[in-house]
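*Asks:* For the protein sequence lines, the chains are U and F, in the order given. Quick note, the first sequence lines up with residues 1 to 101 if you use our numbering. Quick note, the second sequence lines up with residues 1 to 473 if you use our numbering.
There's no promise every hint is true.
Cut-off 16 Å, straight-line C-alpha distance, at most; resulting in silico cross-link-like pairs (EDC-like, lysine to aspartate or glutamate) [as the list claims (entries may be wrong)]:
no. : chain 1 : residue 1 : chain 2 : residue 2
1   : F       : Lys59     : F       : Asp72
2   : U       : Lys100    : F       : Glu98
3   : U       : Lys88     : F       : Asp296
4   : F       : Lys160    : U       : Asp95
5   : F       : Lys59     : F       : Glu106
6   : F       : Lys160    : U       : Asp56
7   : U       : Lys88     : U       : Glu98
Because the hints were derived from the structure by calculation, they are not lab data.
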Amino acid sequence: MTISMNTILGLSALLFGIGMFGFLARRNIILMFISVEVMLNAVNLSLVGFSWHMEDPRGQVLALFVIAVAAAEAGIGLGLVIALNRNKPGAGVGDLTELKW
Amino acid sequence: MNGATVADLGLVLPELILTGMALVLILVARRIQSTSVPVVATVLAAAAAVAASWWVLSKEPQSAFGGLITVDGYAQFFKVLVAAALALVALLSVKGLEGSGAPRSEYHVLLLLASVGMMLTVSAVDMVTFYLGLELITLCSYILVGITVDRPSSNEAAIKYFLLASFASALMLFGISITYGLTGTTSFSGVAASIAERGLADDPLQLAALALIAAGLAFKIGAVPFHSWVPDAYQGASTPVAAFLASGSKAAGLAALGRVVVIAFGPDSPALSIILVGLAALSVAVGSVLVLAQTDMKRLLAYSSIAHVGYAVMGLTAGTDAGASATMTYAFFYVFMTLGAFGVVIGLGARGATLDGYQGLASQRPGVAGVMLLFLLALTGIPLTSGFVAKFVVISSAVGAGYVVLAVLAVVCSVVSAFVYMRIAVLMYMREPESPTPARFPVTLSVAIAIAAIVTLVGGVLPRLITDWAVAP
């Protein structure tokens with residue numbers, strides 16, 4: 001079975017769009033962060049798809065790196081959220097108003 | 001593509017030195033937490049990295065690890081700059097972290113690892129290393145911004161920076177992925193060849209990928225319209241961290257942008273020129289206007305950094321080697337003048353945090369006021385300081401490329417932003433002091449400020465010492 005480049009690109013663009021919408025529409029820090037993860041996974045999907053289609057391993061290698069970086073990012077992001085919650089329990093993005101202009 | 005050999009390790013000696021020192025500091029972190037060992041170790045590692053960069057540079061330019069990175073004059077120029085910024089920031093941190101509760105050894109480990117990321121970024125000639133280097137910088141920077149976990153403003157700055165930066169990384173990564181799908185390669189030169197060969201220069205999908213990558217990079221260097229995190233992150237972070245973000249991170253981001261512009265997407269792409277001119281014009285204009293409204297010193301320097309990034313990007317709009325070397329010169333001089341200004345802010349402690357704190361400084365501490373005046377003159381771009389040379393080379397390269405309107409805008413904006421720099425000078429020299437005389441600066445801080453001042457002065461009087469060395473990739 002062959003899957004065309006356009007199908008791969010279309011599916012990953014759709015997933016990327018969902019993640020982007022989630023990031024812009026949500027006001028909860030964790031949900032915004034999960035939306036970014038959706039975007040990264042859309043990228044992984046396209047990388048692996050292109051790589052398979054072109055029979056070139058580089059895309060898959062890059063996808064592995066992206067997964068590793070996303071894991072590190074998740075660790076740091078959750079750590080920062082915990083630090084914020086110690087000082088301001090239950091804070092959302094709307095409460096981050098100390099720094100402006 | 002040929003495989004990697006052990007000899008390739010010799011070419012990344014500066015990175016290996018910094019990584020090794022970071023690992024050693026992690027191992028002994030608990031024992032040295034309250035001593036000055038981390039600072040000394042970081043400065044020594046940075047000095048060794050500078051020496052190693054010189055040594056590697058003395059050989060022919062070559063690529064390593066199967067074409068993932070290159071070791072050329074461009075990379076070594078920025079590696080020396082990154083290592084110098086690292087050493088100066090470590091010296092600034094001695095006083096800057098006092099009483100902040102930040103764990104000293106972990107802090108220096110993060111500085112070292114972020115510098116490794118910068119060195120990888122500036123030598124990357126492949127999308128893989130390019131992405132990994134940039135991510136290593138940002139991952140370390142998130143923690144550095146939020147390292148004072150007890151301060152709510154630091155938490156807030158770190159969360160804002162984290163959310164926006166991870167979003168920008170995802171955008172850039174999607175651009176990289178589309179480019180890979182269209183061109184079938186990840187190496188910069190391969191991308192350029194494939195674009196020329198397959199006639200992709202006007203392909204809408206390729207233009208979208210280019211826009212996504214440019215947006216991600218613009219975010220990393222804090223160019224308008226992707227600048228909203230910069231003032232918040234600088235104000236919320238400890239002052240030495242803000243200095244590090246303003247110096248090393250910007251230089252590495254500009255270096256990566258330069259390589260992407262000159263090698264991968266080519267000087268012939270009209271879309272890229274439009275994007276770069278837009279970024280430069282918006283950054284210079286918005287940065288110079290918003291800086292006028294600031295009363296917090298770190299926020300003021302943040303908006304000033306946004307404007308300065310705009311000037312630096314102006315050099316790249318030409319898409320020529322001369323333009324790229326103008327940007328290198330700009331990055332070099334800007335790093336030292338901004339580190340010097342941040343150094344004075346750190347030295348004055350709580351008093352240095354707001355504009356009013358500078359009232360009457362000249363009558364209390366004439367030496368401190370004098371060096372601050374030098375950095376302010378350089379940030380404005382007054383002749384006989386490095387700031388003038390830097391602005392001159394980028395503006396003349398923009399004129400050479402035919403962007404006369406952009407050059408005029410840059411000159412007008414530098415006059416506008418002069419108001420705020422000169423306001424600080426007026427406060428220092430023409431007002432009576434209202435607060436008690438600040439304490440003497442510690443030796444480490446004085447040394448760092450002196451180095452920054454010497455580079456700023458010498459760069460203004462004898463710019464050829466640096467410009468001859470700034471060779472485009």
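*Asks:* Do the alpha carbons of F:Lys160 and U:Asp56 lie within 16 Å of each other, as the hint requires?
*Replies:* violated (37 Å)
*Asks:* Are the Cα positions of F:Lys59 and F:Glu106 separated by 16 Å at most?
*Replies:* The given pair, whose Cα atoms are some 35 Å apart, is violated under the 16 Å limit.
*Asks:* Quick one, are U:Lys100 and F:Glu98 close enough, alpha carbons at most 16 Å?
*Replies:* Distance of about 26 Å is beyond 16 Å: violated.
*Asks:* Need the status of pair F:Lys160, U:Asp95: alpha-carbon distance at most 16 Å?
*Replies:* Holds: F:Lys160 and U:Asp95 sit about 11 Å apart, inside 16 Å.
*Asks:* Is U:Lys88 close enough to U:Glu98, meaning Cα to Cα at most 16 Å?
*Replies:* Cα-Cα ~12 Å, so holds.
*Asks:* For F:Lys59 and F:Asp72, compute the direct alpha-carbon distance and say whether it is at most 16 Å.
*Replies:* holds (9 Å)
*Asks:* Checking one constraint from the list: CA of U:Lys88 to CA of F:Asp296, max 16 Å. Satisfied?
*Replies:* violated (24 Å)
Going down the numbered hints, you'll see the structure goes against 2, 3, 5 and 6, while the others check out.
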